[in-house]
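2 protein chains.
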Amino acid sequence: MNNLFLVVGAGAIAMLFSFWKTTWINKQNEGTNRMKQIGASIADGAMAFLKAEYRVLSIFVIAVAVLLGFANAGRQDSSILISLSFIVGAIASALAGFLGMKVATKANNRTTHAARTSLATALNVAFTGGSVMGLSVVGLGVLGLGGLFIYYSNHFGYDPINIKIVLNVISGFSLGASSIALFARVGGGIYTKAADVGADLVGKVEAGIPEDHPLNPATIADNVGDNVGDVAGMGADLFESYVGSIVGSMVLGASILAAGVFNINFVLLPLFIAASGIIVSIIGTFMVSVKEGGDPQKALNQGEFGSSAIMIAAIYFLIQSFLPDTFVQGGVAFTSMGVFYATVIGLIAGLGIGLITEHYTGTGTSPVLSIVKQSLTGPATNIIAGLGVGMQSTAVPIMILAAGIMGAHHFAGLYGIAMAALGMLANTGIQLAVDAYGPISDNAGGIAEMAELPAEVRERTDKLDAVGNTTAAIGKGFAIGSAALTALALFAAFMVQTDIDSIDISNPMVMAGLFVGGMLPFLFSSMAMGAVGRAAMAMIEEVRRQFRDIPELKKALDLLNLKDENDWDEDDRAMYEDALGKAEHGKCVEISTQSAIKEMVLPGLLAISSPVFVGFVFGAETLGGLLAGVTVTGVLMAIFQSNAGGAWDNAKKMIEEGVDVNGETLQKGSDAHKASVVGDTVGDPFKDTSGPSLNILIKLMSVVSLVIAPLIA
Amino acid sequence: MNNLFLVVGAGAIAMLFSFWKTTWINKQNEGTNRMKQIGASIADGAMAFLKAEYRVLSIFVIAVAVLLGFANAGRQDSSILISLSFIVGAIASALAGFLGMKVATKANNRTTHAARTSLATALNVAFTGGSVMGLSVVGLGVLGLGGLFIYYSNHFGYDPINIKIVLNVISGFSLGASSIALFARVGGGIYTKAADVGADLVGKVEAGIPEDHPLNPATIADNVGDNVGDVAGMGADLFESYVGSIVGSMVLGASILAAGVFNINFVLLPLFIAASGIIVSIIGTFMVSVKEGGDPQKALNQGEFGSSAIMIAAIYFLIQSFLPDTFVQGGVAFTSMGVFYATVIGLIAGLGIGLITEHYTGTGTSPVLSIVKQSLTGPATNIIAGLGVGMQSTAVPIMILAAGIMGAHHFAGLYGIAMAALGMLANTGIQLAVDAYGPISDNAGGIAEMAELPAEVRERTDKLDAVGNTTAAIGKGFAIGSAALTALALFAAFMVQTDIDSIDISNPMVMAGLFVGGMLPFLFSSMAMGAVGRAAMAMIEEVRRQFRDIPELKKALDLLNLKDENDWDEDDRAMYEDALGKAEHGKCVEISTQSAIKEMVLPGLLAISSPVFVGFVFGAETLGGLLAGVTVTGVLMAIFQSNAGGAWDNAKKMIEEGVDVNGETLQKGSDAHKASVVGDTVGDPFKDTSGPSLNILIKLMSVVSLVIAPLIA
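Sequences listed follow chains W and X, in order.
If you want our numbering, it's the 1-based position in the first sequence plus 982.
If you want our numbering, it's the 1-based position in the second sequence plus 982.
One or more hints might be untrue.
Identical copies carry no separate label here, and so any pair may be met within one copy or between two of them.
DSS-like cross-link-like pairs, simulated, lysine-lysine; straight-line CA separation at most 25 Å [what the hints assert, rightly or not]:
hint, residue 1, residue 2
1, 1355, 1537
2, 1355, 1580
3, 1186, 1656
4, 1569, 1186
5, 1146, 1018
6, 1656, 1355
7, 1580, 1273
8, 1009, 1569
9, 1009, 1273
10, 1273, 1569
11, 1445, 1650
12, 1569, 1580
13, 1280, 1569
14, 1580, 1146
15, 1009, 1580
16, 1355, 1635
17, 1009, 1564
No lab work stands behind these hints: they were computed from the structure.
Start from the sequences and build out the full structure, keeping to the hints where you can.
Set out below in structure tokens:
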């Protein structure tokens, strides 16, 4: 067991790496005073949101910790320890979000400044920012889980009986991570979309000023939203998946017999794979470098695929050295090579789902083109086409998932399914670095616009952003695939902990659970969309109010719309400069923050309380039905909504860039473009709020069930 | 067993009743020559579609019958008999659609004519038309099932062993009914929406002429669509549910032991309940009568609720006289009163789901009002609100369904679930009469418009149509609820026939089946929506072509749009009259027919082949997972799509009638109205094509599995 300190050591290395890279980012040039000022506003807004969010969540965390303690009061000293795990998990998740966002808001305008001179430097800054996020997430995950495991296994011992207690207590860590993740995703998703819709609808459509224009009072809130939604939200999301897949496979590993006896190595292996993933991710970050004039896409691919290849090799050696050649789970014999195959199946499945995602949502693909065509006959046909594409896009990923489940189970039983999820998530460090790089480049572009830098800067940041699309799609595929597999692993772990042998669909209690569970993602999505609608409405009113009540803004808007900028005289220019400082960005930031915090509570509580209610009132088997239902429709609705939203978005972008359909060139400003904007607006809450939240919903409900498993067994 | 002839006798009475009422309809006045001409065009178009559809389906029926025969070749003489049942079921379903539609197309213009003098007479004609449909459906169902059961039970015997063969062979009847129903619903749904969208988009929006205008080449096709979609499609749908719930409960009845031995009465009871439902329905039709100046809504309610009350009493006495006081199913003891309670639970659940449907889709309710409000900020927010309402509307129906499943099972086991479905469907005769009355009144209004009758006629038919809304919503609730319960009953029957004890979700094969099954309704919906899109596109092009290429139409359109009708001189009027005969309605009817037939094939084959493929390749348990998945998401997607579509529709209607929101009066022609039209157009394929098709999909897949059960057991 002493080598467990290697695991904790890897976690510490990740944190040191993050610290080193943060220091490097801090040293980069922030650019002009105006850029500094904008960057500071965004950073302040983002921190204000996080503070407000964490204030509410800390009450929630304390309340749940107390409840957990009471509920487990009969179970020796595990009551206080499960609360401890929960609190540590919640803090680690919050910290990961905080660190990631802190450095992202710093990297934003430093990327902008770098883009003033070269694409390569800008890529370097943006990716470094992302890598801090990535390594913080895996570092905190491994540190927390490894540390708690060392402490608990010393405390309880790790014989076959006590390891079950250790693993139950440690699952509180996963619960803490999941709860924070859900609120972060939902709250961040509401924030970012409310600000986005408000900025677009009043600024772009009603007042006729371009995106990210400094006169628009909602621009800062919009950019803050990108940080809290896309960066902090995603970080918490992947932290949860990562931790969930490790915990799920540890629990399942404990149910394995090798040569007739319990073998702790099956429980330890997931921790070591995660630890090795940290080293591989760090190596991967060094592979991402591009020389001036080089291809940034190639650089990212090198990092992503290169590290995947090393990861496979690392997993192979770890399995060979940790596991006995054969073992028995659930009465069936498997081999250690089977575990390896299961892991590789997980990796391939994630890749496959990612490529399909790219096919259904990428610029120029046939499904997106079909939406472009249907935009010619107006918004209604655009919407129908988008909904159709989203629904259709569920087919192949689900087939891949089903095949993956069967394959992984064939090779290594339930443990294999958990290892497949872990295989997808092992190099989360670099994955997340690539993912977080996207919103950083996006924000850098926004700052370039607001600071009125030359157009070439915006072009460079746009190019950076576009380069990340394929890798982002693959990342999305991994997120969805791993969410499904992690949920299944946790589900299997739940069964092991409750000691139920089967969850029989022909039992009407299970069928009823299946129906109600299947319904929850629909209810949850409708809540999320309603919340975005209400929050956006409040934002729209505030922006309208400012344009109406602040005379300087009104005058500057009239000037912009009525007089070409080249014809401005000195008075005009002075008036315009004067107006630039007058928009009350802070008010908009405040409105987004308050709406998001208020609106995230109800869906969050629904997710957490429903498995508890069903489990205690109807028992473990009905709860099993509920989990299966929520997992199946949750995955389906997540794919449907994310891909429909992505496809609408790119259909709009294709039209904005100009596309030939039936001999007609569609362009910005055409009726088809207006139709495509409607689709994009409908898709926004789909792809950025309700869709990704469902990924967390399914894992959170599984982990809640896992934690309460001993109580309802 | 001789009293089984009472069952067949009740079926015969239903057919005689239908014949009598048809003769009565035939005797009513058809109105002016123009009305006759229009009525004939619609009737011809509808028959042309049915002919074309049945031509394709007859090939399908023969092919499947042959396949069924071959597949069962090893099983004595049941091979030929299962094919026989299948063919009889298919013919009975087709005949029910044919008879219902034939009399509906006759009742259409006779209702219009009646509405020229009074509301009461018009109600009488429309309802009589509907009652022919209703009684034909139940009559053919009971005749077919009763007749085949007498024949097969004489042939095989009805001891505990042979009854299983009898019931397997008879399930072919249900398969025949389901297959035809799916094609009828999908084909009819595509037809009606293609014609509707084509007529609206080019006629109303581009050419600026009112709905149902005789100059619009697509109006006849539009009215034909209402008949083939809403009348024939609905008839086939309910025929399928009705037959499925009877067969499902018969199979489950055969697995019951009373006092330790098999008791045939559990198998016979469903047939007798169905037969008594015919008599109750006929009594119910006599309760629907309204005196001049009376309230038509009250008349319909009397028929619907009065017959439900009698039905409950009839079921009570049948159960008391057929069933022993106690019995055992699946090792658990139940009482005959338990069966009665289960049936009543089914009825109450159906009613509850209906009332919720009304709440989410009715004019003036808060969810619909929320869509109206969100129309103020444009089509995007209208769409988001509608999707949100549709998703949210799944929550309570699913809770009711889950409670119903648990309650019915608590009182009478799996047999109780089947009886709950049968309880909802026992008085299908009168239910369907009330349902079919709606589209007949709707069509009568269309004819009034096309024949240019005074506005008061249209007002009367509109009132008739509106009156049916609540009863229609309740009918929809029964359709969805009974589809879910019937699917579950067939699912349980499938398990009985395959002799599998449990379908364990923790078995990854079952979980994979659950995922793939859950995905099918998404894929199926996307296919249906794509088909409507393509068919509508063809229709739009044809209508545009006619407006462009037929000079008389073009001139008349210009006249209509440029000169007030009161200012027309004689030349104008002559030219207009001349143009009226020039629109090539037949071409549009043909295009709709061909597109619908072509497009219905792929989704239909997907539905039928997927359970066969999964069953033979992966076995019965995986197939069980597939069925559970398709049932859960099928019900959810059906509720979501139907209610979203209904809510969008009524939000548009509320704006058209004028509604005050935030101190502003929204009206026809306003921007909010345009936004609501977008929502309504998106909702059309949702509520009339993909939504209702899913009801059939879930039953069809269950019945396919039931039929192949002995082969994969």
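Right, here's what the structure says about each hint:
no. : hint           : verdict
1   : 1355 with 1537 : neither (40 Å within a copy, 31 Å between copies)
2   : 1355 with 1580 : between (40 Å within a copy, 22 Å between copies)
3   : 1186 with 1656 : both (12 Å within a copy, 21 Å between copies)
4   : 1569 with 1186 : within (19 Å within a copy, 45 Å between copies)
5   : 1146 with 1018 : neither (53 Å within a copy, 81 Å between copies)
6   : 1656 with 1355 : both (13 Å within a copy, 21 Å between copies)
7   : 1580 with 1273 : neither (47 Å within a copy, 56 Å between copies)
8   : 1009 with 1569 : neither (31 Å within a copy, 74 Å between copies)
9   : 1009 with 1273 : within (21 Å within a copy, 89 Å between copies)
10  : 1273 with 1569 : neither (43 Å within a copy, 64 Å between copies)
11  : 1445 with 1650 : within (20 Å within a copy, 46 Å between copies)
12  : 1569 with 1580 : within (16 Å within a copy, 57 Å between copies)
13  : 1280 with 1569 : neither (42 Å within a copy, 56 Å between copies)
14  : 1580 with 1146 : neither (38 Å within a copy, 59 Å between copies)
15  : 1009 with 1580 : neither (37 Å within a copy, 66 Å between copies)
16  : 1355 with 1635 : within (13 Å within a copy, 29 Å between copies)
17  : 1009 with 1564 : neither (31 Å within a copy, 79 Å between copies)
Of the hints listed earlier, those the structure fails to meet are numbers 1, 5, 7, 8, 10, 13, 14, 15 and 17, in rising order.
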